[in-house]
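**Q** Chain by chain, the residues:
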Amino acid sequence: MATQATNDRIVLLQGTLDLLILRTLVFGPQHGQGIARAIRQTSEDSLLVDHGSLYPALQRLEDQGWIKAKWGTSKNNRKARFYSLTAKGRKQLTSEASQWRRLVAAIGRVLGPEEAGG
Amino acid sequence: MFWRKRKHSDFQAEIQSHLDIESDELAEEGSNPGDAKYQARREFGNVTGSEERLYEASRWVWLEQFVQDLRYGIRMLRRSPAFTLVAVLSLALGIGANTAVFSLVDAVMLKSLPVRAPGELRILTWVRSDKEPDISHSGYNTLDSLTGQHVSGSFSYAAYRQFRDSVPQFSDLVAYAPNQFTVTADGASDFADGEFVSGNYFKGLGAQPLIGRPILPEDDAPARTGVIVLTYRYWEKRFALDPSVIGRAIAVNQRPVTVVGVMQPPFQGLDSSEAVDLFVPITAVVELRHPWFSLTQPNSWWVQIFGRLRPGISDQSAAVMLKATLGHTVEQFAKNAEVSTVLLRPGVRGVGLLRESVSTSLAILSAVVGLILLIACTNLANLLVARSAARGREIAVRLSIGAGVGRLIRQLLTESLVLAGAGGLLGVVLARPLLQVMLRFIGAGQYNGPALDARIDLRTLAFTAGATLLAAVLFGLLPAWRATRVNLVPALKGTKTAGSSPRLRLSRLLVSVQVALSLLLLVGAGLFVRTLQRLSAVDLGFRAEHVLTFQTDPSRNGYEGRRLADLYTRLRENIAAIPGVDSAAMSQHGLIQGVESDTSVHAPGFRPTDRKGGALLLRCSASFLSTMQIPLLRGRDLTFADERASQSVAVVNQSFVNRFFPGVNPLGHTFYLGEQPGAEMLAVIGIVKDAHYTGVRDDVRPTVYFPYTQQLTGLHQMTFVIRTVLPPLSVAGAVRRVVAATDRAIPVAEMKTEEQQIAESIGTERLFAGLVSAFGGIAALLAAIGLYGVMAYAVARRTVEIGIRLALGARRATVQWMVLRQSLWMVALGLAIGIPAALALTRFVQNKLYGIQPTDPASFAGAAILITAVGAVAAWIPARRAARVDPIQALRNE
Numbered sequence: 001m002a003t004q005a006t007n008d009r010i011v012l013l014q015g016t017l018d019l020l021i022l023r024t025l026v027f028g029p030q031h032g033q034g035i036a037r038a039i040r041q042t043s044e045d046s047l048l049v050d051h052g053s054l055y056p057a058l059q060r061l062e063d064q065g066w067i068k069a070k071w072g073t074s075k076n077n078r079k080a081r082f083y084s085l086t087a088k089g090r091k092q093l094t095s096e097a098s099q100w101r102r103l104v105a106a107i108g109r110v111l112g113p114e115e116a117g118g
Numbered sequence: 001m002f003w004r005k006r007k008h009s010d011f012q013a014e015i016q017s018h019l020d021i022e023s024d025e026l027a028e029e030g031s032n033p034g035d036a037k038y039q040a041r042r043e044f045g046n047v048t049g050s051e052e053r054l055y056e057a058s059r060w061v062w063l064e065q066f067v068q069d070l071r072y073g074i075r076m077l078r079r080s081p082a083f084t085l086v087a088v089l090s091l092a093l094g095i096g097a098n099t100a101v102f103s104l105v106d107a108v109m110l111k112s113l114p115v116r117a118p119g120e121l122r123i124l125t126w127v128r129s130d131k132e133p134d135i136s137h138s139g140y141n142t143l144d145s146l147t148g149q150h151v152s153g154s155f156s157y158a159a160y161r162q163f164r165d166s167v168p169q170f171s172d173l174v175a176y177a178p179n180q181f182t183v184t185a186d187g188a189s190d191f192a193d194g195e196f197v198s199g200n201y202f203k204g205l206g207a208q209p210l211i212g213r214p215i216l217p218e219d220d221a222p223a224r225t226g227v228i229v230l231t232y233r234y235w236e237k238r239f240a241l242d243p244s245v246i247g248r249a250i251a252v253n254q255r256p257v258t259v260v261g262v263m264q265p266p267f268q269g270l271d272s273s274e275a276v277d278l279f280v281p282i283t284a285v286v287e288l289r290h291p292w293f294s295l296t297q298p299n300s301w302w303v304q305i306f307g308r309l310r311p312g313i314s315d316q317s318a319a320v321m322l323k324a325t326l327g328h329t330v331e332q333f334a335k336n337a338e339v340s341t342v343l344l345r346p347g348v349r350g351v352g353l354l355r356e357s358v359s360t361s362l363a364i365l366s367a368v369v370g371l372i373l374l375i376a377c378t379n380l381a382n383l384l385v386a387r388s389a390a391r392g393r394e395i396a397v398r399l400s401i402g403a404g405v406g407r408l409i410r411q412l413l414t415e416s417l418v419l420a421g422a423g424g425l426l427g428v429v430l431a432r433p434l435l436q437v438m439l440r441f442i443g444a445g446q447y448n449g450p451a452l453d454a455r456i457d458l459r460t461l462a463f464t465a466g467a468t469l470l471a472a473v474l475f476g477l478l479p480a481w482r483a484t485r486v487n488l489v490p491a492l493k494g495t496k497t498a499g500s501s502p503r504l505r506l507s508r509l510l511v512s513v514q515v516a517l518s519l520l521l522l523v524g525a526g527l528f529v530r531t532l533q534r535l536s537a538v539d540l541g542f543r544a545e546h547v548l549t550f551q552t553d554p555s556r557n558g559y560e561g562r563r564l565a566d567l568y569t570r571l572r573e574n575i576a577a578i579p580g581v582d583s584a585a586m587s588q589h590g591l592i593q594g595v596e597s598d599t600s601v602h603a604p605g606f607r608p609t610d611r612k613g614g615a616l617l618l619r620c621s622a623s624f625l626s627t628m629q630i631p632l633l634r635g636r637d638l639t640f641a642d643e644r645a646s647q648s649v650a651v652v653n654q655s656f657v658n659r660f661f662p663g664v665n666p667l668g669h670t671f672y673l674g675e676q677p678g679a680e681m682l683a684v685i686g687i688v689k690d691a692h693y694t695g696v697r698d699d700v701r702p703t704v705y706f707p708y709t710q711q712l713t714g715l716h717q718m719t720f721v722i723r724t725v726l727p728p729l730s731v732a733g734a735v736r737r738v739v740a741a742t743d744r745a746i747p748v749a750e751m752k753t754e755e756q757q758i759a760e761s762i763g764t765e766r767l768f769a770g771l772v773s774a775f776g777g778i779a780a781l782l783a784a785i786g787l788y789g790v791m792a793y794a795v796a797r798r799t800v801e802i803g804i805r806l807a808l809g810a811r812r813a814t815v816q817w818m819v820l821r822q823s824l825w826m827v828a829l830g831l832a833i834g835i836p837a838a839l840a841l842t843r844f845v846q847n848k849l850y851g852i853q854p855t856d857p858a859s860f861a862g863a864a865i866l867i868t869a870v871g872a873v874a875a876w877i878p879a880r881r882a883a884r885v886d887p888i889q890a891l892r893n894e
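Those protein sequence lines, which keep their order, are chains A and B. In terms of our numbering, the first sequence is residues 1 to 118. In terms of our numbering, the second sequence is residues 1 to 894.
Keep in mind that the hints were calculated from the coordinates and are not lab data. Hints should not be assumed to be uniformly reliable.
[To be verified] EDC-like, lysine to aspartate or glutamate: derived pairs with alpha carbons at most 16 Å apart: (1) A:K79 with B:E25; (2) A:K79 with B:D24; (3) B:K7 with A:D63; (4) A:K79 with B:D20; (5) A:K75 with B:D24.
[Stated by the list, open to error] Heads up, incomplete: computed chain A residues facing chain B, CB under 8 Å, no partners named: (6) G72; (7) S74; (8) K79; (9) R81; (10) A105.
Please read all numbers here as calculations on a predicted model, not as lab measurements. Glycine included, C-beta positions come from ideal geometry on N, C-alpha and C.
Could you build the full structure based on these sequences and the hints that come with them?
**A** In structure tokens:
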């Protein structure tokens, strides 16, 4: 199924893409396209990864030593650059995830219960 | 390139693989392959943009762009070699001069002592007062700048021992005393400056030897004083770095000693004002029979002390304890006296006597070299503004196809950095000889000169790098910013706007600033040159030409009293007999050596015109006044008979008569020296004209000349003066041979002409006059280049306008004058800024001037005329070019 632009899509907040990439890589090495697709599918199509941001983000994470990359072969025999989580990245994910959860909870408390009708 | 972490192609491959995989999956999901490919691409968005962003996320990009800019900058500079040459040379001079002066400032003012934890060191001093004990004082007195108190740095040896025993706040207390020695090695004798040091000196300071061992506590016992340690510079100077010097037996003041070690190069003792040659255990003052330094006399104060404060101990508590201990030792020999306060001064940079004496000179030097760098930067900024005008089109093209202003400024600044970098590198090369010249002048006229660890080292290079960067920003930023603010449309069309553009206004202002800064230097040069002229024109009262001098001190070779006096008489006679020598004489201190003896004077029955102030003393031989050609006014000169006679006599100068015998003929009257009325009376036998004694700058004071044989107990060193028929230095060898024939172990030190001595005594003034004149000349030249550049550009821009004027009948002389007038306006504005600035600033150099005021009209007028003339000459060429414009040619170009 081809994705379609809908109004329900959420624009990613600055910095959250890093978190999502790290989280996606917990399941094992993945290439860029796989990561984008995985994020979209896990978020049930509500998060659309801007590809223009994805690769610079991967590069940034790699520079920070949270992920590492090497060229490999994809499942349908295409050459692709596979990214995997490093120990440092795993630690970073834990701390960023818990930070994110606290943030979300706090913002939720401030906003209060969702008003009906919207 | 090695720093390119991932190749661009690698990014492309990754994105391509993304697209491939996506379209594969889309195809699997049911799209037809062609659509899938298209859809994957659409899904992805802007592929090229993404590639670029990915590429730029790489942290090496800025470096890569920098290298690009660098290459481009170098290429641009190569294209205009004349500009590059002027820029690099002027910057090299500015940066080099600043580097040299910084290394001097660093050595004198900033560097810590090369010892362990120098921050823990304190200098022990006591505050001078009326109630202090009557002591024989040898050492230094100084004004403590922090507390404004007069302090002394000398203690008795007993006090030092007491401190060590009963002041636990210090982990180490080390003692030393500067002294001059006669060293005899390899059959030659010479003076050497050294320090007597306590046995714990090196260990307490944590100063390590380069070879051998330092002086140890066990060396510092009267029975075992036969060891010395050398400094590196003396090892180099006297023993040519021969390592076999360790263990060699040499003689210090005729006593045999063994060299046991050589210190590491930077260690020069604790006071940088005089370089140290060697260290001797302090108890050797007994063995060497030092005339003043005593280990036992409680009123002989000559020991200087450094202490290493224990961590966590306050200065206050240590000072209290020291004062109590000192009070106790004073009580034992002077009942009614007391020492008011013990003051601990920071010892991290050693005793700061040199710092105090040269800080003004260093400030002036820093200001001068700062100015020359500023001038070079202004000049360069100006040339760059003109260049950016020439490159207006190129920059406009870049801007119009989307180059960022920030990126362009970065590129232009990189070009400045290339220039500054080249200037900085060349500057480091220039700094060395400049530093050596300055060191030679600053240390001139002293025996060893100051112990300055001034060299081009890492600290200096760090400073140079900073100065280079600063210069690049200073001269680069304004033109770069200006260059990117172009009006695109006319710039691209290549039309020349008439009238004066803002860019030209900026250039003109910069030229005026340059003129103003150059004027400052030229005024300074004028003041220092005229000071030097005045100093050279001072009538010293004696004739310095054809006089050779040298110093000696046979008292360190065991000669004393009458034996020493006889030796001096014999030496004088033998030297006077050398062919080519007119006459020979000697005095305790040489004239214009910066050393003097003074005392109070009482003439019974007479009231001095000035109660305060006594007279200067000069012990001399019979023929001294005639050898120096100090004219006799009345009475007679000292004779050889006076040297032997029992009657004490003296010749005095005119100032002495004016003060102590006002209005009478003093011949035959008597006076005594010092405060004791029972002292020996001296009869005035002659009056001479006033002559300078201590220095050229010092006023002539009342002076007493009396035979050196009259007080034999105080007889030590002498300076011989030899008036020659031939050039003075031609008899130097013969003089050495005569002295050696009398006694091989007698040193002949500091052999030079009297004229040399006088020139060295005003070394700082000569340095200032020379350096500031040279820099002033260069500044004027740079101002001329700047002015020429601006006017040449202005004329080129106005060629058409000038052509029209000429076509309409303007006279060529009028056109020429128009250009000249504009140049002169720039100069005039520069003078209007520069003259008030100079008037405000020159008073800071007042105490380096002599015989003129800091507002000296001649210096100001000279500087203003010179810079105006230079400006007129620089403007002459473009003015003539303007007058020669061919109207037809000019209009055809339009």
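**Q** Would you mind marking each hint as holding or not holding in the structure?
**A** Structure-based check of each hint:
1. Between K79 (chain A) and E25 (chain B) the alpha-carbon distance is near 15 Å, which keeps this suggested pair within the 16 Å criterion.
2. Our distance criterion of 16 Å between C-alpha atoms is met by K79 (chain A) and D24 (chain B), whose separation comes to about 13 Å.
3. Taken as a hint, the K7 (chain B) and D63 (chain A) pair is honoured in the structure, with Cα atoms around 15 Å apart against an allowance of 16 Å.
4. Straight-line distance between C-alpha atoms of K79 (chain A) and D20 (chain B) comes to about 9 Å, which keeps the hinted pair within the 16 Å bound.
5. With a C-alpha separation of about 11 Å, the suggested pairing of K75 (chain A) with D24 (chain B) holds against the 16 Å cut-off.
6. Taken as an interface hint, G72 (chain A) does not check out: its beta carbon lies about 10 Å from the nearest beta carbon of chain B, beyond 8 Å.
7. Of the supplied interface hints, the one on S74 (chain A) holds, with its beta-carbon coming within about 6 Å of a beta-carbon of chain B, less than 8 Å.
8. Interface hint status for K79 (chain A): upheld, as the beta-carbon distance to the closest one in chain B is roughly 6 Å, under 8 Å.
9. With a least beta-carbon distance of about 5 Å to chain B, the hint placing R81 (chain A) at the interface is held under the 8 Å criterion.
10. For A105 (chain A), the suggested interface contact is broken, since its CB lies about 32 Å from the closest CB of chain B, more than 8 Å.
The structure fails to meet hints 6 and 10 from the earlier list, while all remaining hints are met.
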